[in-house]
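S.K.: Here the protein sequences line up with chains A and B, keeping their order.
With the UniProt record's numbering applied, the first sequence covers 1 to 482.
With the UniProt record's numbering applied, the second sequence covers 1 to 220.
Everything labelled a hint here was simulated from the structure, so no lab data went into it.
Quick caveat: nothing in here was measured; it's all calculated off a predicted structure.
Treat each hint with caution, since some may be false.
Unchecked claim - Stretches of chain A that chain B covers, calculated by requiring three or more beta carbons in the stretch to come under 8 Å of a beta carbon on chain B:
id: 1; region: 160-166
id: 2; region: 177-185
id: 3; region: 205-211
What the hints assert, rightly or not - Derived lysine to any residue pairs resembling SDA-like cross-links, with alpha carbons at most 25 Å apart:
id: 4; chain 1: B; residue 1: Lys83; chain 2: A; residue 2: His150
id: 5; chain 1: B; residue 1: Lys83; chain 2: A; residue 2: Phe417
id: 6; chain 1: B; residue 1: Lys83; chain 2: B; residue 2: Val68
As the list claims (entries may be wrong) - Label-pair ranges, simulated between beta-carbon atoms:
id: 7; chain 1: B; residue 1: His79; chain 2: A; residue 2: Ala24; range: 27 to 37 Å
id: 8; chain 1: A; residue 1: Arg29; chain 2: B; residue 2: Leu18; range: 52 to 62 Å
id: 9; chain 1: B; residue 1: Val38; chain 2: A; residue 2: Pro409; range: 53 to 63 Å
id: 10; chain 1: B; residue 1: Tyr60; chain 2: A; residue 2: Pro325; range: 42 to 52 Å
id: 11; chain 1: B; residue 1: Arg117; chain 2: A; residue 2: Pro57; range: 27 to 37 Å
id: 12; chain 1: A; residue 1: Ile16; chain 2: B; residue 2: Pro57; range: 25 to 35 Å
id: 13; chain 1: B; residue 1: Ile73; chain 2: A; residue 2: Gly188; range: 24 to 34 Å
id: 14; chain 1: A; residue 1: Pro389; chain 2: B; residue 2: Phe69; range: 51 to 61 Å
id: 15; chain 1: B; residue 1: Leu114; chain 2: A; residue 2: Ser432; range: 42 to 52 Å
id: 16; chain 1: A; residue 1: Ile464; chain 2: B; residue 2: Ala77; range: 57 to 67 Å
id: 17; chain 1: A; residue 1: Phe435; chain 2: B; residue 2: Phe69; range: 57 to 67 Å
A virtual CB, placed ideally from N, CA and C, is assigned to each residue, including glycine.
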Amino acid sequence: MNAASDAVAWILLIPICAAAVLAALPGYRLTAGLNILASFSTFLAALSLLVIARPQPGQYLLVDDLNIVFIVLNTFVGLTTSVFSASYIAHELETGRLTPRYLRFYHAMYQVMMFGMNLAFVSNNIGLMWVAIEIATLTTVLMVGIYRTHAALEAAWKYFILGSVGIALALFGTILVYMAALPVTGEGQDAMVWTVLVSRAAAFDPALLNVAFIFLLLGYGTKVGLAPLHAWLPDAHAEGPTPISAVLSGLLLNVALYAVLRFKILLAANPDAISPGPLMVTMGLTSLLFAAFMLYRRRDIKRLFAYSSIEHMGIIVFAFGMGGPLANFAGLLHMVMHSLTKSGIFYAVGHIAQVKGTQRIANIRGLTETHPALGWGLVTGVVAIAGLPPLGIFMSEFLIVSSTFARQPLLAIPLVFGLLLAFGALVLRLTSLAFGEPRGSAAPAEASYLPMFAHFALVLTAGIYLPGPLVVWFQHVANLLG
Amino acid sequence: MHNLAFDIAHLLAGGLVLISFMMLYQDRLYALLNIFAVHAVVLALSVAWQAFIQNAPHLYVTAVIALVFKAIIIPVALHRIVKQLGIHRDIETAVGIGPTMLAGMGLVALSMVLMLRVTGAADPLAREDLAFALSVVLLGLLVMVTRRNAVSQVVGFMSLENGLVLAATGAKGMPLVVEISVAFSILIAFIVIGVFLFRIRERFDTVDVGALDEFRGERR
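Make the full structure from the sequences, and use the hints.
M.R.: The following block contains the structure:
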């Protein structure tokens with residue numbers, strides 16, 4: 001019991017203390033090492049939550065079956081990204097794109113961002129969750145703009161404006177939820193505590209709850225990158241440092257998704273409220289189809305995978321919108337697989353762009369010949385993200401498609417169409433990137449391959465064999481999601 | 001007494017909506033900043049009044065933050081930035097004033113219809129406050145949409161946040177966490193904005209967001 005609350009405290013304390021220390025320390029080697037160490041100890045603290053007894057949900061913090069999946073995934077990708085970031089940043093320092101002063105800032109912001117995301121996951125208070133997501137957003141805005149080029153500043157500005165508007169709408173939604181809870185729970189703390197809200201949601205005013213959910217879906221949906229509110233996402237991914245693209249795609253989108261899911265559960269607890277399903281299905285399908293078409297015209301490699309993230313977030317939101325044990329299970333699995341695969345791809349892309357000195361797809365060719373490890377790594381990643389067997393994403397997409405066919409055959413048609421369209425675009429780009437006459441620099445890459453291949457190995461393992469306890473757990477969470 | 005309390009709260013919240021409208025048709029940056037300062041003052045009064053009638057002393061803190069930070073420090077700082085950049089001439093509005101005002105009226109009507117309908121059960125003061133707050137939020141959005149200048153977009157965003165503070169204080173007994181967080185986030189947001197404005201000037205010698213569009217990645 002005590003050890004458990006300690007573990008939760010460590011998840012939050014380690015990043016925030018590390019941020020303070022990293023902001024003060026000079027030197028690349030030392031700070032990059034410390035960054036990895038801090039991420040590693042946060043990951044260990046998160047893992048310990050799996051084995052020890054959970055703390056009782058308090059006024060502010062909560063650990064339950066749903067958020068623990070997110071926390072472990074978050075800290076794991078945070079760890080591998082910090083390893084990738086160490087070698088990536090070394091190259092950026094050499095080429096002078098980052099100065100030592102900005103490096104200090106970068107590492108501190110990285111840990112503050114991890115703090116914000118972890119806090120969003122463990123918070124049991126909808127106000128606190130909002131604050132945490134805002135912290136995570138602001139830190140990523142600063143990191144997207146860190147190169148201070150024209151394009152980076154424009155991307156950061158756009159991200160900042162759209163992100164703030166989204167977050168403002170989400171706050172309005174949060175206030176409305178409080179108003180709905182007020183007559184039932186009375187004034188004060190209780191009306192913002194999520195566990196209390198869920199247990200008494202049946203008595204809330206359904207009309208107010210409906211309006212609140214629409215604000216929350218639009219607000220947090222902006223941060224998930226759902227079309228038509230996605231405009232910030234490709235720019236932010238393309239112009240920031242690649243480790244940030246990896247955590248944006250792999251983690252930050254999940255944080256916003258998690259917030260939407262929490263409120264979906266809340267809405268489902270009230271029998272008279274609208275069902276959130278159709279709204280989420282519509283937004284999910286729109287994002288999927290839109291992104292699938294947009295994939296064809298990309299010329300920038302990071303932008304390409306940013307649109308692919310919109311596509312996959314669309315699929316995940318669609319799956320959770322369908323609801324029911326099977327679709328929720330598939331959505332959850334897809335989310336985990338997407339995080340691992342997409343950040344793995346960004347690790348590869350980061351090194352590729354550094355070696356070739358460009359992000360233009362047209363100038364990158366024949367990677368498997370010049371840089372076999374990076375090239376084949378990228379091939380593995382794209383094969384995985386396009387949904388080919390035997391990798392994990394194939395399985396989750398298969399589950400989503402089959403459960404949709406079983407329940408709403410008509411919805412399955414646009415879904416499959418979108419999937420195939422995206423598949424075509426990715427394979428088309430992949431052939432030119434990985435094969436053919438080599439183009440661009442063939443200098444050997446000083447890359448750290450470990451994080452990339454660790455992610456792909458996990459995705460492959462999950463595609464072939466999912467351990468029994470994990471399946472049982474995911475099923476349990478899927479039932480929670482309703 | 002109750003009626004008077006209600007009327008004053010109503011008056012102040014309504015005043016905030018009116019000032020939001022005034023922002024829509026300002027075509028000079030200095031004027032826009034002055035109107036924003038008035039907006040923040042009215043917000044501070046409204047929050048202080050809520051603190052008084054709800055008997056919630058912690059709301060006075062929010063009121064003071066609104067007054068000192070948003071009505072004085074930010075407008076003064078932005079004045080200086082505008083002066084330094086030498087952009088105190090006309091604002092390029094993306095849409096004409098007539099259509100903007102019409103759209104603003106439409107948004108206010110929308111928020112009244114929506115909020116008054118769904119909050120039938122709530123306390124009348126809170127529900128009218130919420131309807132006004134949504135109007136202010138939407139008008140703030142409209143300011144952001146119709147301006148192309150980075151400084152005026154920031155002002156639009158801050159007036160939007162004023163609407164959120166109005167909503168948060170109108171909701172009876174909302175925990176302090178949120179008020180602090182709102183003020184806090186505004187602070188951070190401002191720092192971010194300050195950094196951005198500084199950097200934008202360094203690189204472009206202009207804060208017209210339209211100019212930034214030239215550098216879109218896909219057109220390289």
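S.K.: Next step is simple, just say for each hint if it's right about the structure.
M.R.: Each hint tested on the structure:
no. : hint                              : in the structure
1   : 160-166                           : holds (count 4)
2   : 177-185                           : holds (count 4)
3   : 205-211                           : holds (count 5)
4   : Lys83(B) / His150(A)              : holds, 23 Å
5   : Lys83(B) / Phe417(A)              : violated, 55 Å
6   : Lys83(B) / Val68(B)               : holds, 21 Å
7   : His79(B) / Ala24(A): 27 to 37 Å   : holds, 34 Å
8   : Arg29(A) / Leu18(B): 52 to 62 Å   : holds, 59 Å
9   : Val38(B) / Pro409(A): 53 to 63 Å  : holds, 59 Å
10  : Tyr60(B) / Pro325(A): 42 to 52 Å  : holds, 51 Å
11  : Arg117(B) / Pro57(A): 27 to 37 Å  : holds, 34 Å
12  : Ile16(A) / Pro57(B): 25 to 35 Å   : holds, 30 Å
13  : Ile73(B) / Gly188(A): 24 to 34 Å  : holds, 31 Å
14  : Pro389(A) / Phe69(B): 51 to 61 Å  : holds, 57 Å
15  : Leu114(B) / Ser432(A): 42 to 52 Å : holds, 50 Å
16  : Ile464(A) / Ala77(B): 57 to 67 Å  : holds, 59 Å
17  : Phe435(A) / Phe69(B): 57 to 67 Å  : holds, 58 Å
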